[in-house]
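Undergrad: All chains should be built: construct the whole structure from the sequences, respecting the hints.
Protein sequences, first through last, are from chains A and B. First residue of the first sequence? That's 54 in this note's numbering, and the numbers climb one at a time after it. First residue of the second sequence? That's 5 in this note's numbering, and the numbers climb one at a time after it.
Don't read these hints as lab results, they were simulated from the structure. Just so you know, not all the hints are guaranteed correct.
Where chain A lies over chain B, by a calculated footprint (3+ residues, C-beta under 8 Å) [unchecked claim]:
{"no.": "1", "stretch": "95 to 105"}
{"no.": "2", "stretch": "146 to 152"}
Derived DEER-like restraints, expressed as beta-carbon distance ranges [claimed, not checked]:
{"no.": "3", "chain 1": "B", "residue 1": "E111", "chain 2": "A", "residue 2": "A68", "range": "43 to 51 Å"}
{"no.": "4", "chain 1": "A", "residue 1": "Y60", "chain 2": "B", "residue 2": "A73", "range": "49 to 57 Å"}
{"no.": "5", "chain 1": "B", "residue 1": "L157", "chain 2": "A", "residue 2": "A83", "range": "28 to 36 Å"}
{"no.": "6", "chain 1": "A", "residue 1": "A68", "chain 2": "B", "residue 2": "A130", "range": "30 to 38 Å"}
{"no.": "7", "chain 1": "A", "residue 1": "L75", "chain 2": "B", "residue 2": "I159", "range": "35 to 43 Å"}
{"no.": "8", "chain 1": "B", "residue 1": "V132", "chain 2": "A", "residue 2": "I74", "range": "38 to 46 Å"}
{"no.": "9", "chain 1": "B", "residue 1": "A130", "chain 2": "A", "residue 2": "A83", "range": "15 to 23 Å"}
{"no.": "10", "chain 1": "A", "residue 1": "L75", "chain 2": "B", "residue 2": "E106", "range": "48 to 56 Å"}
{"no.": "11", "chain 1": "B", "residue 1": "H75", "chain 2": "A", "residue 2": "A100", "range": "54 to 62 Å"}
{"no.": "12", "chain 1": "A", "residue 1": "I57", "chain 2": "B", "residue 2": "A73", "range": "52 to 60 Å"}
{"no.": "13", "chain 1": "A", "residue 1": "A56", "chain 2": "B", "residue 2": "H123", "range": "43 to 51 Å"}
{"no.": "14", "chain 1": "A", "residue 1": "A56", "chain 2": "B", "residue 2": "G134", "range": "41 to 49 Å"}
{"no.": "15", "chain 1": "A", "residue 1": "F78", "chain 2": "B", "residue 2": "I159", "range": "56 to 64 Å"}
Just a sample of chain A residues kept apart from chain B, beta carbon distances all over 10 Å, derived [what the hints assert, rightly or not]:
{"no.": "16", "residue": "M54"}
{"no.": "17", "residue": "A59"}
{"no.": "18", "residue": "A62"}
{"no.": "19", "residue": "G63"}
{"no.": "20", "residue": "I67"}
{"no.": "21", "residue": "A68"}
{"no.": "22", "residue": "V69"}
{"no.": "23", "residue": "L71"}
{"no.": "24", "residue": "I74"}
{"no.": "25", "residue": "L82"}
{"no.": "26", "residue": "V85"}
{"no.": "27", "residue": "F99"}
{"no.": "28", "residue": "A105"}
Note that the structure is a prediction, hence the values are computed from the model and not measured. All C-beta atoms, glycine included, are put in the ideal place defined by N, C-alpha and C.
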Amino acid sequence: MKAIIAYFAGVLAIAVFLSQILVAFTGVLAMVDFGSKISGWIEKKFAAARQAA
Amino acid sequence: MTEITVVPAPEPPAPLVEAPVAMKPGVLSAFLHSSYQRVQKPIARHALKSDLSKLVSMAKDHEANGLAAGHKYYCLLYKLACEKAEDYARLRGIDKQQLYAELASLEVLRKLANPSAQHAKTGALAVVLGIFLIPIAIGLGSGMVSVGYRWALHIFGVH
Numbered sequence: 054m055k056a057i058i059a060y061f062a063g064v065l066a067i068a069v070f071l072s073q074i075l076v077a078f079t080g081v082l083a084m085v086d087f088g089s090k091i092s093g094w095i096e097k098k099f100a101a102a103r104q105a106a
Numbered sequence: 005m006t007e008i009t010v011v012p013a014p015e016p017p018a019p020l021v022e023a024p025v026a027m028k029p030g031v032l033s034a035f036l037h038s039s040y041q042r043v044q045k046p047i048a049r050h051a052l053k054s055d056l057s058k059l060v061s062m063a064k065d066h067e068a069n070g071l072a073a074g075h076k077y078y079c080l081l082y083k084l085a086c087e088k089a090e091d092y093a094r095l096r097g098i099d100k101q102q103l104y105a106e107l108a109s110l111e112v113l114r115k116l117a118n119p120s121a122q123h124a125k126t127g128a129l130a131v132v133l134g135i136f137l138i139p140i141a142i143g144l145g146s147g148m149v150s151v152g153y154r155w156a157l158h159i160f161g162v163h
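TA: Now the structure itself:
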């Protein structure tokens, strides 16, 4: 019985750990994407200025 | 039959010399004591403020000479200031924490003596900001590289 509980507790701990890594990675990707969006916004501004010129 | 005789218990001996009247607290001594208390507290307060001002001035001089925060001189000055403040608190019969809250100069000395708390806060803030700002900077940088690449292609008429 103890072995089964320990097994499931271990599996749960690993699942939580991996999910936390996934969440952190998703957050980092979201922030990188946000930075990329800023560069896209800068590019649009430059393009608009070039068109105006 | 034998007669029973009741002997009264002996009286406790009377004191040979009565306490002198002058030993009891009189009006004059009470007045003098209260006057002394009234005069002593402002003098102690003034002395404490003067001492703390001198200690802070010494610490500022050390700081101006480039002595790093956390140096043993600051610790010594802070210890001296704490001792003086505690003596004053004992004299006035007030709580030490209340006195520490009232005296801003103690806080100045404490920060100079124990800068680690301040450094830890700054470090934690830098870590939190770094966690958010570094990925954004990576995204922004890669996006700008892409923009520059397309712009260069446009300049050279390739695209």
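Undergrad: Take the hints in turn and mark each one as holding or not.
TA: Structure-based check of each hint:
A count of 0 residues in the stretch 95 to 105 of chain B with a Cβ less than 8 Å from any Cβ of chain A is obtained; the coverage claim is therefore unmet, three being the minimum. With a threshold of 8 Å between beta carbons, the proposed coverage of the stretch 146 to 152 of chain B by chain A holds, since 5 of its residues qualify and at least three are required. For B:E111 paired with A:A68, a C-beta distance near 48 Å keeps the hint of 43 to 51 Å intact. For the pair A:Y60 and B:A73, the supplied restraint of 49 to 57 Å holds, since their beta-carbon distance comes to about 53 Å.
At roughly 29 Å, the beta carbons of B:L157 and A:A83 sit within the given window of 28 to 36 Å. Restraint check, A:A68 to B:A130: a C-beta distance of roughly 32 Å satisfies the suggested window 30 to 38 Å. A:L75 and B:I159 have their C-beta atoms about 42 Å apart, which keeps the hinted 35 to 43 Å range intact. For the pair B:V132 and A:I74, the beta carbons lie near 19 Å from each other, so the given range of 38 to 46 Å is not met.
Look at B:A130 against A:A83: about 21 Å separates their beta carbons, and that is inside 15 to 23 Å. For A:L75 and B:E106, the hinted distance range of 48 to 56 Å is satisfied, since their beta carbons lie about 53 Å from each other. Separated by about 57 Å at the C-beta atoms, B:H75 and A:A100 satisfy the suggested range of 54 to 62 Å. Distance hint for A:I57 and B:A73: a CB-CB separation of about 57 Å, consistent with the stated range 52 to 60 Å.
Distance hint check: the CB atoms of A:A56 and B:H123 are about 48 Å apart, consistent with the given range 43 to 51 Å. Between A:A56 and B:G134 the beta carbon distance is about 43 Å. The supplied range of 41 to 49 Å therefore holds. Checked against the hint of 56 to 64 Å, the C-beta distance between A:F78 and B:I159 comes to roughly 37 Å, which is inconsistent with it. With a minimum CB-CB distance of about 42 Å to chain B, A:M54 clears the 10 Å threshold, and the non-interface call stands.
No beta-carbon of chain B is positioned within 10 Å of the beta-carbon of A:A59; the least distance is around 34 Å. The claim that A:A62 lies off the interface holds: its Cβ sits roughly 30 Å from the closest Cβ of chain B, which is beyond the 10 Å cut-off. Taking the minimum C-beta to C-beta distance to chain B, about 29 Å, the non-interface status of A:G63 holds against the 10 Å cut. With a closest Cβ-Cβ approach of about 24 Å to chain B, A:I67 is found to remain outside the 10 Å limit, as its non-interface label requires.
Distance check for A:A68 against chain B: the nearest CB is about 24 Å away, which clears 10 Å, and the non-interface claim stands. With a minimum CB-CB distance of about 20 Å to chain B, A:V69 clears the 10 Å threshold, and the non-interface call stands. Against the 10 Å criterion, A:L71 stays outside the reach of chain B, whose nearest CB is about 20 Å from its own CB. Its beta-carbon lying about 15 Å from the closest one in chain B, A:I74 satisfies the requirement of being farther than 10 Å from that chain.
Listed as outside the interface, A:L82 is inconsistent with that label: its C-beta sits roughly 8 Å from the nearest C-beta of chain B, within the 10 Å cut-off. Separation of A:V85 from chain B is inadequate, the least Cβ-Cβ distance of about 4 Å not exceeding the 10 Å criterion. The beta carbon of A:F99 is not kept farther than 10 Å from every beta carbon of chain B, the shortest such distance being approximately 8 Å. Non-interface call for A:A105 relative to chain B: holds, since the shortest CB-CB distance, roughly 16 Å, exceeds 10 Å.
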